[in-house]
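There are 2 protein chains.
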Amino acid sequence: MTSAEQKFIQIMKEITAYDEAISLIGWDLRTYIPKKGMDHRSDTIGLLSNKRNELKTSEKMKALIDQLKTENTTPVIKKSVEEAEREYEKFRSIPSQELTEFITLTSKSETVWQEAREKSDFSLLQPYLEKIVEFNKKIAEYRGYDNNKYEGLLDDYEPGLTIDVLDQVFGQLKTALIDLVKKINQSKVEVDSGLLLKHFPKDKQKSFSLAVLDKMGFDFDAGRLDETIHPFATGINPYDVRVTTRYDENDFRMAVFGTIHEGGHALYEQNIDPDLHQTLLADGVSMGIHESQSLFWENFVGRSRAFWESHFDLFKDHAPKSFEAIEFDHFYRAINEVKPSMIRIEADELTYSLHIIIRYELEKELINGDLAVKDLPEAWNQKMEDYLGIKPANDSEGLLQDIHWSAGDIGYFPTYALGYMYAAQLHAKMNDEIDIDNMIRLGDFEPLKQWLTENIHRHGKMKKPLDLIRDVTGEGLNPTYLIDYLTNKYTDIYQL
Amino acid sequence: MTSAEQKFIQIMKEITAYDEAISLIGWDLRTYIPKKGMDHRSDTIGLLSNKRNELKTSEKMKALIDQLKTENTTPVIKKSVEEAEREYEKFRSIPSQELTEFITLTSKSETVWQEAREKSDFSLLQPYLEKIVEFNKKIAEYRGYDNNKYEGLLDDYEPGLTIDVLDQVFGQLKTALIDLVKKINQSKVEVDSGLLLKHFPKDKQKSFSLAVLDKMGFDFDAGRLDETIHPFATGINPYDVRVTTRYDENDFRMAVFGTIHEGGHALYEQNIDPDLHQTLLADGVSMGIHESQSLFWENFVGRSRAFWESHFDLFKDHAPKSFEAIEFDHFYRAINEVKPSMIRIEADELTYSLHIIIRYELEKELINGDLAVKDLPEAWNQKMEDYLGIKPANDSEGLLQDIHWSAGDIGYFPTYALGYMYAAQLHAKMNDEIDIDNMIRLGDFEPLKQWLTENIHRHGKMKKPLDLIRDVTGEGLNPTYLIDYLTNKYTDIYQL
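As they're listed, the protein sequences go chains Y and A.
In this text, residue positions in the first sequence follow our numbering: the first is 1, and each later residue adds one.
In this text, residue positions in the second sequence follow our numbering: the first is 1, and each later residue adds one.
Watch out, some of these pointers could steer you wrong.
When chains are identical, the list treats them as one kind, so a pair holds in a single copy or across two.
Within a straight-line C-alpha distance of at most 25 angstroms, the following computed BS3-like cross-link-like pairs (lysine-lysine) qualify [stated by the list, open to error]: (1) Lys-7 to Lys-60; (2) Lys-149 to Lys-131; (3) Lys-7 to Lys-56; (4) Lys-149 to Lys-215; (5) Lys-449 to Lys-35.
Don't read these hints as lab results, they were simulated from the structure.
Here the structure is a predicted model, which means the values were calculated and not measured.
Next up, chain Y with everything else stripped away, as it sits in the complex (with noise of 0.2 angstroms):
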């Protein structure tokens, strides 16, 4: 090994201390810390990431990326090497003073977030907005972009996707779904999802959860459950992945479903090649790469006719007494209802999109100067009437009930729909191989984690998002499969 390449590796395992330490303290500050301890905790996290930031923008990491580029290394530090120039050229074009106060006040702002939530009162998060949205603003431009300044920021969450793409993908999905849901609601079947709504114990939801989890191959020597309001999924290291969920006594769905989709981003987390471990590739290749994961899991296979004829009776035996006359085609449908909702994370799969739809238009419009913060609520309800029929009550069933915006995640929403379409893209293509409805009524999940292993989780960063889902699928992104998917599940059980 040469001197460069020795001390390259030094330099990634320091980043990846810095990186463990910080995933640590954030999932900490959303589970076990006390409330006197939060405010101070934000310091702390900004001078952690401070000092990895400037391990990243250093002369000595400059000068190991121009020499490792001269030498003939192994494919793992090539293409470390890459991304470690790839943040250093993003790091370099924010000034470093700024980028700590951005990550103290985003720390600051998701506690004030969690006030906020509860009292439903969006002034008190108004001003820590404002900020954030300006903070953008100079990011984006610091960043550089082609056509539209939000491009800036849609790039670090989804390298290489344009505004033009987005708009052209996202408006043959709106189109569609216009359509399935004007014939859903036109259709004589009846989809009663208030039989789902008994009583069912936290501790009873806990350990099916516990049991599904379990079943989809997640290791709990390598990870383990808890509860927070926001449920996320954490990888320290892909020797500890941390998912959380949130139990709503009176809908199971909370929490199983929840459940579900944050153990399909933590597969992907655990079994990200050990190789990679202590390198800058030992994570998701982009978010929508990893959205596809958690979706897969959570609506191709929980939310499939297949899961829940080999599950019905493990469910049935975790809920209480009164959920057993519950016949299991009007179980299907009720889980499956098509209903417009307040909430983007309890939204059904056919409306989620326009859940996304309208984020991705706000945040433009925020961060082009179309929308003040203050005008924010008014823009959300009006945006939820025309697109989904709905008006929310208050600010807490509205603008309130997502983190992103307040951890100052700006162009991560589109990266949802996205990982959608790449789901059903993925799930045709393992189809072609593995029959998989068929798998999943043996209640025999390994062949897909294995599949996904192969093809996905395994290679961490070591392809670009795009290139990874050619190889695997033979083509490009192509949002047919989702509009396919949806319309053969949706024709079945709506009769359409």
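Fit chain A to the supplied structure of chain Y, relying on the hints for placement.
Structure of chain A alone, referenced to chain Y:
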């Protein structure tokens, strides 16, 4: 504020950030981390510790110390500079590479210890412990000492303490303890702790422990209680202080007195003057003083007649029905039974110090090369027989019971007995000003907590340990307070 002051404050903030991250990781490592994550986390701790130590030993730090010693600055900065200089000298004495190796080693050996303890297999730990002893010998040489190599380690935990003083004080205590134990053996009073060994469900023990912590004045908005094999308290900062306890469903004393003990440590950390946060002084002044706080609450409050006079009803409210018939006097004597025990943390007040003296003597021999690690189990067992008249059946209840040596801490144990003497001395002084037993009987602990905060807690590391004791009690360390207290208490209980 001068430029040097500003830079020094910034560097202290950075050190604090590392300290907090390391403390949180340490807490997680003992509470919630999944199994496979453990091994890899030690790399993270090693690296962050190294970064922190680099700051403490940096040329920049040295220049700031030298500059600030010439400036007329605030008392807090002046004292912080003294502390920075002490740490600078301390760390500079040890090559940083060796220190990192040591930290990584001990982080690993802590997890090996857990396994060795579970399997009662000392051979698993032996190679780690051999390395730890060799490291500590080197550290003692690097640090320097006057008469005995062991002092090079001891000084780290209790600055200023010498082997001469320790030998003399422990000698005095040992004589008194042997005399008391002898008299107790001849006593006709029957004490039966067996009546306490009834099944007591974990959740009920927990709710009683939480109620007591609350009455002590533990701030749950600035702390929490969790469960671990080896209980501890960790002050991440004054706003986030976490204690742990261990539940034995067949012996509630483990959890109840353990929680009160750790709660005493926690009150110290929670009540350090907020002005000291993010300086080098926001910590207990020495291990001995820290232990005086935990032992004050555990023994002088928690095992007092007055405490149980006022809390026996609360206890019975939480305890199962099988406890109902126990008479108060039987109960009070039972929780104060003197009976040699294998396990230090289960030992009674009286024989406890003998456990410490055994560890002290063995440590001294290990460091001075008079005892090999491989011969430790035999030496341990022999001393247990000689001093306490009982011999461990296996190493789990022998030398594998404590985490300290596995964690690299040699020279720490004496501070437990020292803390006991400090506690008795503080208790006597406090009693001159407050009728302690009367307040306890009223269930009003606030004056006790306030006295301790005023005289001990708030000062953090602003004073040296012996100065602190002298300022509060008007004299130096005096073991007769402890001897008098034990003599009075056990003369009453056993009618000597």
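Evaluation of the provided hints:
{"no.": "1", "hint": "Lys-7 to Lys-60", "in the structure": "both (9 angstroms within a copy, 24 angstroms between copies)"}
{"no.": "2", "hint": "Lys-149 to Lys-131", "in the structure": "within (17 angstroms within a copy, 58 angstroms between copies)"}
{"no.": "3", "hint": "Lys-7 to Lys-56", "in the structure": "both (13 angstroms within a copy, 23 angstroms between copies)"}
{"no.": "4", "hint": "Lys-149 to Lys-215", "in the structure": "neither (44 angstroms within a copy, 57 angstroms between copies)"}
{"no.": "5", "hint": "Lys-449 to Lys-35", "in the structure": "between (39 angstroms within a copy, 22 angstroms between copies)"}
When the structure is compared with the earlier hints, a violation turns up for hint 4 alone.
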